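S.K.: Position chain B against the provided structure of chain A, taking the given hints into account.
So the protein lines, in turn, are chains A and B.
Residues 1 to 419 in our numbering are what the first sequence lists, from first letter to last.
Residues 1 to 380 in our numbering are what the second sequence lists, from first letter to last.
It should be emphasised that the hints constitute simulated quantities derived from the structure, not laboratory data.
Quick caveat, the model's predicted, so the values are computed rather than measured.
A couple of the hints might just be wrong.
For lysine-lysine, the following BS3-like pairs were computed, each having C-alpha atoms within a straight-line distance of at most 27 Å [to be verified]:
1. K211(A) <-> K91(B)
2. K115(B) <-> K233(B)
3. K91(B) <-> K163(A)
4. K163(A) <-> K144(B)
5. K123(A) <-> K312(B)
6. K312(B) <-> K80(A)
7. K233(B) <-> K207(A)
Residues per chain are reported as follows:
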Amino acid sequence: MSDKANKGLLSPLRRKLLMGMAAVPVITMLPRASFAQTPATSAVNTTGLAITDTEVTVGILHSATGTMAISETGSIEAEKLAIEQINAMGGVLGRKIKFIQEDGASDWPTFAEKAKKLLVNDKVAAIMGCWTSASRKAVLPVMEQYNGMLYYPTFYEGLEQSKNVIYTGQEATQQILAGLNWIAKEKGAKSFFFIGSDYIWPRTSNKIARKHVENVLKGKVVGEEYYPLGNTQFNSVINKIKLTKPDVIFTDVVGGSNVAFYKQLKAAGIDLSKQALLTISVTEDEIDGIGGENIAGAYACMKYFQSLDNPNNKTFVPAFKTMWGEKTVIGDVTQAAYLGPWLWKLTVEKAGSFDVDKIAAASPGVEFKNAPEGYVRIHENHHLWSKTRVGRAKLDGQFELIYETADLVEPDPFPKGYQ
Amino acid sequence: MTDNRFFNRSEFIGILVLAVFLMVILPLTLDVFRLNLVAKYLTYAFVALGLVVCWGYGGILSLGQGVFFGLGGYCMAMFLKLEASSVENTKIQSTPGIPDFMDWNQITALPLFWKPFSSLTFTIAAIILVPGIFALIIGTAMFKRRVGGTYFAIITQAVAAILTILIVGQQGYTGGINGMTDLRTLKGWDIRPDHAKVVLYFFEVGCLFVCIMIAQFVRHSKLGRILVAMREKEDRVRFSGYSVANFKIFAFCVAAVFAAIGGAMFALNVGFMSPSFVGIVPSIEMVIYTAVGGRLSILGAVYGTLLVNFAKTSLSETFPELWLFGLGGLFIAVVLAFPNGLAGIWGDYVQPHIDRLISSRKPKPEGWTDKSVTDGAPAE
Numbered sequence: 001m002s003d004k005a006n007k008g009l010l011s012p013l014r015r016k017l018l019m020g021m022a023a024v025p026v027i028t029m030l031p032r033a034s035f036a037q038t039p040a041t042s043a044v045n046t047t048g049l050a051i052t053d054t055e056v057t058v059g060i061l062h063s064a065t066g067t068m069a070i071s072e073t074g075s076i077e078a079e080k081l082a083i084e085q086i087n088a089m090g091g092v093l094g095r096k097i098k099f100i101q102e103d104g105a106s107d108w109p110t111f112a113e114k115a116k117k118l119l120v121n122d123k124v125a126a127i128m129g130c131w132t133s134a135s136r137k138a139v140l141p142v143m144e145q146y147n148g149m150l151y152y153p154t155f156y157e158g159l160e161q162s163k164n165v166i167y168t169g170q171e172a173t174q175q176i177l178a179g180l181n182w183i184a185k186e187k188g189a190k191s192f193f194f195i196g197s198d199y200i201w202p203r204t205s206n207k208i209a210r211k212h213v214e215n216v217l218k219g220k221v222v223g224e225e226y227y228p229l230g231n232t233q234f235n236s237v238i239n240k241i242k243l244t245k246p247d248v249i250f251t252d253v254v255g256g257s258n259v260a261f262y263k264q265l266k267a268a269g270i271d272l273s274k275q276a277l278l279t280i281s282v283t284e285d286e287i288d289g290i291g292g293e294n295i296a297g298a299y300a301c302m303k304y305f306q307s308l309d310n311p312n313n314k315t316f317v318p319a320f321k322t323m324w325g326e327k328t329v330i331g332d333v334t335q336a337a338y339l340g341p342w343l344w345k346l347t348v349e350k351a352g353s354f355d356v357d358k359i360a361a362a363s364p365g366v367e368f369k370n371a372p373e374g375y376v377r378i379h380e381n382h383h384l385w386s387k388t389r390v391g392r393a394k395l396d397g398q399f400e401l402i403y404e405t406a407d408l409v410e411p412d413p414f415p416k417g418y419q
Numbered sequence: 001m002t003d004n005r006f007f008n009r010s011e012f013i014g015i016l017v018l019a020v021f022l023m024v025i026l027p028l029t030l031d032v033f034r035l036n037l038v039a040k041y042l043t044y045a046f047v048a049l050g051l052v053v054c055w056g057y058g059g060i061l062s063l064g065q066g067v068f069f070g071l072g073g074y075c076m077a078m079f080l081k082l083e084a085s086s087v088e089n090t091k092i093q094s095t096p097g098i099p100d101f102m103d104w105n106q107i108t109a110l111p112l113f114w115k116p117f118s119s120l121t122f123t124i125a126a127i128i129l130v131p132g133i134f135a136l137i138i139g140t141a142m143f144k145r146r147v148g149g150t151y152f153a154i155i156t157q158a159v160a161a162i163l164t165i166l167i168v169g170q171q172g173y174t175g176g177i178n179g180m181t182d183l184r185t186l187k188g189w190d191i192r193p194d195h196a197k198v199v200l201y202f203f204e205v206g207c208l209f210v211c212i213m214i215a216q217f218v219r220h221s222k223l224g225r226i227l228v229a230m231r232e233k234e235d236r237v238r239f240s241g242y243s244v245a246n247f248k249i250f251a252f253c254v255a256a257v258f259a260a261i262g263g264a265m266f267a268l269n270v271g272f273m274s275p276s277f278v279g280i281v282p283s284i285e286m287v288i289y290t291a292v293g294g295r296l297s298i299l300g301a302v303y304g305t306l307l308v309n310f311a312k313t314s315l316s317e318t319f320p321e322l323w324l325f326g327l328g329g330l331f332i333a334v335v336l337a338f339p340n341g342l343a344g345i346w347g348d349y350v351q352p353h354i355d356r357l358i359s360s361r362k363p364k365p366e367g368w369t370d371k372s373v374t375d376g377a378p379a380e
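Next up, chain A with everything else stripped away, as it sits in the complex:
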């Protein structure tokens, strides 16, 4: 927490220097960097967006205050880093990206209000933003009504697809199925206990997981429990776990509740090196609060871990730390947020225009080879093809990569047989 507070204290000069340094490896990393000639504004902007001959404005819309600020700060940081790097390479179609940041304040209607402000007043070319499903649901009608473009970073429940949204995180089947297959095979798991926070994402994820366990893996779900957001009393469910002795505890508890959950699990004598636990909601960011010693041994299933060993990630992690401080950690969503500005830039260049309709049409097939998670590509349904990975939490708060799918997993927001 304290280092987050200190970030603002970096002097502007020092920040500029740091960002310049951060951008150097990226320039060398992308040989095809587009220093192309600047096309005329009238040609690339036919719908009156805030674009001049030298600048293009985008919006950043996350919670900088309120309960979600801890989670969303990483996304804001990643998006700013991506924008700085893109500007250091010459911008998009010869225009530097200028961003307007708005605070959604962890309040869904505020998100809708600010999204509308960004689109109607500021005429931004794209919005990088939202985090919780609730905030996205609130913003979605605004995006569709005013024809905006939203790059949404969080892994989410699926059951949605919009011309005006690019989902840079995984939808539920992408995230869950490969992880369940792996743990069933690796641990011979047959019985599962589901614990989640009580809202749409955990409920939908668990519904998909239950269908998969029962119909595909021929296993059994021995318990399914939900707790309100922010709940800190997990003793009764821990007792049930002790009684039912499931092979795997499958959790999608979110936010601050995780801290209480893992501490109480440990206090109750459940040793995660013996009891398999698979979570789809704990990233490096959450472990920061939980404490590595409380969760070491647990498995997490998502698409990105900070410890990934590939050339892209080896440039990305130091660049992020140079800009935002040595102690910051990078979780799955932070990485997905970093993809947003890049995918937008690549799509704009493919479409040769900033017009939202043209970007929406050009999005399918756009590839980003330098993604920290590896290669990604946008699917026709505006989600990303991506690999699913399983990591094991270590004492130092990092994940050790245990398994990854051989191929990219196809996004399937409306999965047949899982609804």
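M.R.: Just chain B, lined up with the frame of chain A:
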């Protein structure tokens, strides 16, 4: 001079000024986006108005007005959501024709209590009656047992917490934490385009003035004076033979119905309803609006709501990471320096000068508040 039962001269001028401000100045100077924001702010003014009646006059501090705001809002949202969930709009679902969140929660038929909300007449009745009856039940249970003051405030908070948990927990029926989003049309009339927003704004301002008139009436009637007497010395009123509980219940119900109308306006103007307006925090925020405006002043409540929300929007747009501190500072400053809020500032510093200008009579030396409440219906 118009009906003296309703207002004295300065109140009449005040209402006129507010009407010109809301109906002429704002629509002429703001673009539709900002005007729609004002419409959103004004939905809270209904709640603040109710709090003036129940807290300012009756002395009943309710920290659970979000409950009634939410009930009204949800009634309206249910009607709008049903209309938005026509079979052709929801073809993609496994059960077309029901709201999308029901489909996500494996509900395959419209629940029974949703069905009447396809009628607009029923919905309008429900917006008034559901919160009204709910307030009647809470009020009767509390005030007949002479529960009041801090204990009553705590219980209203508990009700707010319970309703939030209920809404979040029953997400198949209520939309859960996401709330009800993507509300589109009212009887086939699209509520989303700019011209609709303008029409809705004027409709809302109209409703607000009706509520202001009702509040004025309550304040200047014998009822209003009994409320004030109760606030100052409850036992004395009881010993004089009045049923204190019934008056309190009435004030509480009026506040509840005002809040519910605000909630319904919110769903219409913003196209959205969620449990984040029902809980403890929004309920306390609504009390703050009233406090900033001046809890004894009907018009102050409207200005206070507008000021706080305007500050909220502009501070958060200018300083996305620091705005909450600014807002907090503003509240502390207002409460410490001007305990009677904006209306207090007006009454203490501005009104005397105006009085001196428009009449030769000297301003009365006692506080403006007592004057306006007790001498509310002048004989002249």
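S.K.: Which hints, by number, does the structure contradict?
M.R.: Going through the list in order, the structure violates hints 2, 4, 7 and respects the others.
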